[in-house]
Structure formats: structure tokens, C-alpha cells
Amino acid sequence: MTQSDLYTILPNITLVVWACALLLVDLFIPKTRKGWTALLAAFGLALSLGLTLAQAGREMSAFNGMVTLDGFSTFLNVLFLGTSLLGIAIAYGYLKRMGLERGEYYTLMLFSISGMMLMAQAADLIVIFLALELLSIPLYVLAAFARPRADSEEAGLKYFLLGAFATGFVVYGIALVFGATGATALSGIAAAVAAGTFTKYLLLIGAALILVGFSFKVAAVPFHMWTPDVYQGAPTPVTGFMAVGAKAAGFAALLRVFVTAFPSLYVDLVPVLWALAALTMLIGNLVAISQTNIKRMLAYSSIAHAGYILMAFVPYGQPQVVPDAVASALFYLVTYAITSFGAWSMVIALEKSDAKGLEISDYAGLGRRKPALAAAMTIFMLSLTGMPPTLGLVGKFYLFRTVIAGGFIGLAIVGVLTSLISAYYYLRVVVVMYMREGEPQTESEPWLDLTTATAAVATVVLSFLPAALFALASGAVVKLF
Amino acid sequence: MEFLTNPLNLVTLFPLVGVLILLFMPSEKKNLLRWTALAASLVTFGLSIWMLTLFRQAEAADAGALHLTISLPWIQVAGWKINYAMGVDGLSILLVLLTAFLTPISILSTWTAVEERVKDFMLFFLLLEVGMTGVFLAQDLFLFYIFWEFTLVPMYFLIGIWGGPRRIYAAIKFFLYTMAGSILMLLAILWLGIYQDTFSVLELITKTGIPADIQLWLFLAFAAAFAIKVPMWPLHSWLPDAHVEAPTAGSVILAGVLLKMGTYGFLRFNLPMFPQAAIQAAPWMALLAVIGIIYGAAVSYAQKDVKKLVAYSSVSHLGFVMLGLFALNPLGIQGGILQMINHGLSTGALFLLVGMIYEQTHTREIAVYGGLWKITPIFGTIMLIVALSSMGLPGLNGFVGEFVILLGAFGSQAIASPWYAGIAAAGVIMAAIYILNMFQKMFLGPEGSIVAEVKKHGHALRDLNWREIATLVPILVFIFWIGLYPKPFFDLIAPAVEKLMMVLH
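From first to last, the protein sequence lines stand for chains A and B. Number 165 in the numbering used here belongs to position 165 of the first sequence; there are no gaps in the numbering. Position in the second sequence (first residue = 1) + 481 = the numbering used here.
A couple of the hints might just be wrong.
Derived BS3-like pairs (lysine-lysine); straight-line CA-CA distance at most 25 Å [what the hints assert, rightly or not]:
#1 B:LYS789 x B:LYS922
#2 A:LYS31 x A:LYS352
#3 B:LYS937 x B:LYS855
#4 A:LYS370 x B:LYS510
#5 B:LYS511 x A:LYS370
Just a sample of chain A residues kept apart from chain B, beta carbon distances all over 10 Å, derived [claimed, not checked]:
#6 THR14
#7 ALA54
#8 ALA191
Listed below are several chain B residues computed to face chain A (Cβ distance under 10 Å; list not exhaustive) [said to hold, decoys possible]:
#9 TRP555
#10 ARG598
#11 GLU630
#12 LEU633
#13 PHE638
#14 GLY641
#15 ILE642
#16 LEU657
#17 LEU667
#18 LEU925
Don't read these hints as lab results, they were simulated from the structure. The structure presented is a predicted model; accordingly, all values stated were derived computationally and were not measured. Beta carbons are placed, not taken as given, at the ideal position from N, Cα and C, and that holds for glycine.
Please construct the entire structure, taking both the sequences and the accompanying hints into account.
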């Protein structure tokens, strides 16, 4: 291990070391003062974030090409660290209120983040597998964190079983790809393909299995069955964190692996990806209509949004469109992260113990009683629909532009029509808040309110000034081999 | 700096100042809130008059062009070429003025009608004004789309919170219908942005060479958004629900301005950007327009609810506008633009009048009224003038618009058959029938049951008060002005229409 190897993964190593230390330190923090653990965890994340930002603009390869550092990974690492800071902000008061305040929560979260960061930097299928496990296992535990509540335990188990199943697909896929090309490094696979020394169908099946595995992670239809139950059962801050972080990590792997290693399979994979994206958008949005529980509704909404990002991923093999495909996906992940964190923090503000206060009807009267909160929620719902003046519109604009530039007008039409469907159920929340009478009870916690307010303001303001974010996303291209 | 001093920006964004002030006001002080909103909208109207004088000066130098333009780079990264571009010409100036004119009138009409959540109401109303003005001024497709979609949000709340018994259904239907059209337009906008490499409306007009078949698809995608908004038959079914359930001020703005966004869209985008497709589609659009005219008139006649009658009459009147626009000759288009304004004035006034009587009686059923003229003579007189203007009596504004449209449609090469105009002329007669029928039943004859009904509750029907008269008089002024001396209005429109004709041929 050389110095430059170390430098490449410095933010990640810092985070892991910090998490290990925190695990020990937490033992000495009295039960009533777990706020310190949260604070220390946030400090570790901020430190890692600072180091990541210091790496911005660098391009390096380390550990014999197994790990890489480029604009793509830096962008995603910042996203992961940012979301985890928000994740701690929305969790702190919630855990206290629900009697779940245990220090492991924060350390598990840090470990999961380090997995996500490794995923963004992985340039070898073996490292991707490693990262996948590192990010998933803490999440399985976190999903069941509200034990002995039955639905939380169910969520943990379900997530674990299906997650393990998905990992199996990925590993099998890696094995087949190795069999087909004799390499696990993404550059090695690309080189074998370029030299023609590979078995086409073995490679195709391997790539398809990897696709299936990651489709589980990003919750694409038909591999989405676990999502509503897990999102509903897991403690809400975990759900919020999972909906953004785990999804972004899944897309990070998909984008990097397919764009760098499998562009040759583009023609064969297009129909599959097309159908995957269309089905995900359709089913996610259609089933969301009939949900009465806000967590389930947002779960299906997160499935649908995975579909929109997948839609922009379809033209991944067209050299002129690839930069836009990557940039629009990254841009949309940021959009979705801000908006959905806002929405989840609203869910937390209304949630009572024993999973009460989670029906959409519990939001009745919010417009009159808590106008600021209702306005924020309206902004989030409009953003998820893709209406101005919110960031969601700009994000969708970019995704649709990519699809049309790739020549998939039919898929774009499916996309806009499903957006129309989604307007129906997002608006229903607005209808309930403003047009029905009720006495909603909300919790006010400083960190939670801060998250909601920041997310709402960012959603609106960034929609008017998206140029900087555009520039960052389009600068974050995947380094090709 | 240019952003803040540009007259168009000031007109568009000034209501936001009102919004900011309202946000920090206590929601119990209802009158203060009303006065603030009214003041904000009146200042906006003043700014729009100032804009008009500047526009006329600019027009003297270069007639028919876009004036007072502003174009600032907005999103210029990653292959995006989006500008914050605004401009005004003869096609849009009257509509901007109409918006700035009807907004304070609508706010004035809510003085006693809206008692619940006054603060929210005024906030949404001013936001709506920003959106509508922006739609008429935007010269960049991305910017246009943002304003266009944004108008949905406040209108949705206005119908959904302050509307009638079926308001939620009507609000969602309005939202989904309109969005259904605009998302198809979004795809067409993106296509143009990618393959023509610009979002600027001006550049898109000068860039030719879109293959004819693709031009037709793009035309249809834009038309989907606009035809729903107009609404053209058979896409009109959201309109009666939205109109009937909306609060009076909402109906006025909906009929007065929001529907014009559709016809304006055809005029600003469909005609000059896809001229070949427009010529190809003209007979079909004319056919739909004529069906709309007849259908709207026939259905209006059958209505028992006076607000519904006015709502369906909009379908008929907007049919005339569409017929004029797709005559694709100067007469037809000029008439079409003027008729947009006329419809905004007459139908706006009709909704106001219906709202005023509804506030007293809480019913809109025509059958229960009768003999109102004797009890409320001022109300009756104003209603008669507005009704006559709406059915197109010579000397009032409606006649000028419809007459010019029919002239244009008769001589139109694009439509290529005088039959359309002939049948449309029958629509004028039908309008006379349903409007006079309504007037006769409500205002003449023996006293209706509602008069006694209202007396039972301890107070008689009263005539219009000063505030209500003040709301209506400005509209009456324009009804007579356009009817007797329309030249100044045509002078504003004509040069821009000439420019448009050059693109079309």
C-alpha cells in the first residue's frame, strides 16, 4: 500500500476508524446523554466530507486499479455524506421520542456510509461486492432497530433475506463475467472485450445477473416486492436514509459497471432496460395510488423515481449521450435526496409511538393548523410530481432530455404519462392537508424542523439557480478505460 | 440590475412584493389583507400602463417586433442553452393588460364573498397573477413552461379550498387535465431543445427545416396542451366543473385569462414555429372550432344553472377565437386576438354578476328567479348590457370581434370553405337565443320564488352596492369603447399580425 493508495480512500478510512472508535467511546457515554454519540458521529461525517471536498478535481487509481477516485466518485461521496448528516439530524429527536436511543444506531450508519462510498469508488467487481455487503449489513440491522416492534423485525428480516438473495445474483454474475473475460477489474473486462477474447453469451448472462442484483438494491420492478414492507416497518429515519443512500449507491454501481465494462452489450440489453424502466415507472406509480399509509405511499413513490432514473440510464451505450445519462442521473439523485428527505422529515414530525399518525388522513387540517409545515410538504409533493417552482421539475427536465436525445421517445412518453398518474396521489396529500378539517398533532424538534426548512428552501431556490448543480453533475463523468 | 429594472419583469414580478408583505401580516386582519392585495394588484396595473406607453414608443420605431426585451443567460452549462428571455409584442400586449386589469377587479369582488382564510386566498391570487403574466411575456420555452405549469398550482388551491360543494373533484380534474396536455408539450419542447439546439422562441421561428412529418407531431404535442386549456371540443369536460365549483374571482380569472393562455399558445408557438403543419391542420382545427361553437351554444341553452350556462358559453366563444386564428389570414387572427379580450371582459363580467346575485340568494338555478329587473334595476341594466355584449350586439365589443373573425374565416385560403364561417354565424344566433332566454327567465316576467324565499330570512334582495358597481364599471367602459371605436386596439395588434403572416407564407 502506497501513500497514494491511502490518499485515494482517505475519507473512507477516516470514517471507518472514526466509527470503530465511536463504538468504544459510546460505551462510556451514559444512556441519558446519547446526544453526544450523535454529535460525534456527525463530526466524523463532517471530517470525512471535508477530506472528500479536498479531493475534488483529482483523478487517481489505487490498489492496482481496484479503487478509483474521479469526479463521479467525489460527487457521490459528497451526496452520501450529506444525506447521512441529514439522516442523523432527522433521527436524533425521533430515537429519543420513540425510546430507541442506542449508540449503535450512529455507528451502524457510519459503517453503511463507508460501504456506499466504497461503492462509488470501486473499479473492480470484487470491491463492488465488498462494498455491497458493507453497506447492506448495517442497514439490515438498522431496519430492525425498533425491536421488539413486530413490523420492524419483519422489515429487518425481509430486507436481509431478499438482500442476501440479491447479493447472490451479483456474486453469480461476477463469477460468470470472470469466466467470460478472465478479469474482475472493470478495465480488464473492457480490455478483454476490446481484444475480442471473451465469450459473448456468458458475459451477457453475467451482466444480466448483476443487473438483477442491483435492481433489487434500487428497488426496480419486478424486484421491488420488499420495498413497501421494509420502508413501512423500519424506523422512519432509517427509511429516509435507505430511500436515498442505498438507492444512490445502487445506481452508482450500475452506472459505473455498465458504462465502463459493458458498453458492448448495449444492443442486447436495451430492450431489457427499456422494459425495466417502463415497468418500474408504471407499477410504482399505479400502486402508489391505492396506498393510505404515507410510508407505503412514499415507498412506491421511491420505486417510481428509481424508474425515472433508470429511464435516463437506458441510452447508456451511446457515446454522445453517456455523459448526459450519468450527469442527469446524478442530478436527479440530488434532487430526489433533498426532496425525499424533506418528505420523510415531515412523516417523522407527525409520527406517534406505535406507528400511529402515519395514515394520509392524519394530515387533515395541517394547512390551517401548521401553515409552514403544510407549505413545506406541498413543496415536496410538487417537487416529486415535477411541477414548478421546484427542483423536481428541473431534474425531470434533464432526465427526459437525456431519453429523447437517446432516441427513446416512446419511453419518454411512458415517463410523462406516469408523472401524470403520480400527480394524482401526491396531490391527494395536498388535498387532505388543505381541504379537509382535522386536528393534526405535530412534534417540533429543532434539528428536524431545520431539515424540513432547509429542504423546502433548497427545493425552491435551487430550481431557479440550478446552473451550478448542473455544472457539478456534468463535471462528474465516469472515467472510461 | 437589468433584471430588476426591466418593465416586463416589474409587471410580472411586482405581485411578489405583495406576496412578501402578506406573508408577514396577521391573518385575523382581513380588511388589511384585502387592501394590501388590492394595492399590490393596482400597482401592477399601473406598471402595465407604464409598460404600454413604453411599448407604443418602441412600436413607433419598429412596428410589430418584440419590445422591451430582456435576455439573461440562465442555465448555460452541459449543453443547455436556457435564457431568461422576456419580450412583448402586439400578440401579447393586450393579454398582459387584460391580466393586470382583471386581477384587481377580481380581488375587489371577493371583499364580502371570501371570509375564510383571506390571507391564503390573496397569496394564491397574487401568485396566480405572476404565473399568468409570465406566460404571456416569456420568450424562452423553458421559462414559458415554468410559468405555464406554475399557474396550475395557485388555481388548484383557489378552486379546492374556496370552491363549491364538489370543489375537490373539480380542482383535481382541472389539474390533471391541464397537466396531461402540458407534459406532451414538455416532450416537444425538449425535442426542439435537442435537435434545434435552442429554447429561444425567436430563434426557433427563424430556424426552419424540421421535416414535415415531425413538424406535425410537434404541432400536435403543443396543440394538446393548448387545446385542453382553451378548451376545444372534445377536450372541454374539465371546464364546466372547474367554473361552477370555483369561487367567483376564480371563475373570472379562469375564463378571463387562463383560457386565453391556450389560444395565445396557438398564436405564439404553433403558428409561427410549425407553419407548414399549421396550414395542414387548419381545416381540422376550424372543424373542431365550429363544432365547439355549436355544441357550446346548444349545451348552454339546456342549462338550468346560470353559472354552468356562462361556463358552456365560453366553449362556444372560444370556438370563435380558434376559428379566427386558424383562418390564418390577417383579419381572422386580428379578430381572434380582439375576441380573446372581449371574451375576457364579457364573460368575466357575467361571472361577477352571477356571483353577486349568488352571494345574496345562494342559488344559481335559473328557474327560481324571475322579475329581478323591478327589484334590482341597476343589476338588471348592467346584466343586459353585458349579456348583449356577450351575444355580439353591434355597438358593443363582442360584435366587432365576431364580425372580423367571420370575415376572416369566409375569405380564408387555409380553411378553404365558406361553410365553416356560415355555420359559425348560426352560432351567433344561437348565442342570442340562450342568453336572451336566460335574461328573460331571470329578469322579466313574474317574481320568482327566490324573492319570497330571501324575504323569509328577514332581508329583501338588494340592488348592487357601490363596491359592486365600482367592480363592474371599468369593464363596461371597455365594452363600449371596443364596441364603438376599436381602432386603437387593432392598431396595437395589426403590425405584429403582419409579421406573423410573413412567417406563415
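Verification of the hints:
no.	hint	in the structure
1	B:LYS789 x B:LYS922	holds (15 Å)
2	A:LYS31 x A:LYS352	holds (22 Å)
3	B:LYS937 x B:LYS855	holds (19 Å)
4	A:LYS370 x B:LYS510	holds (19 Å)
5	B:LYS511 x A:LYS370	holds (19 Å)
6	THR14	holds (32 Å)
7	ALA54	holds (24 Å)
8	ALA191	holds (30 Å)
9	TRP555	holds (7 Å)
10	ARG598	holds (7 Å)
11	GLU630	holds (5 Å)
12	LEU633	holds (7 Å)
13	PHE638	holds (7 Å)
14	GLY641	holds (5 Å)
15	ILE642	holds (6 Å)
16	LEU657	holds (6 Å)
17	LEU667	holds (6 Å)
18	LEU925	violated (40 Å)
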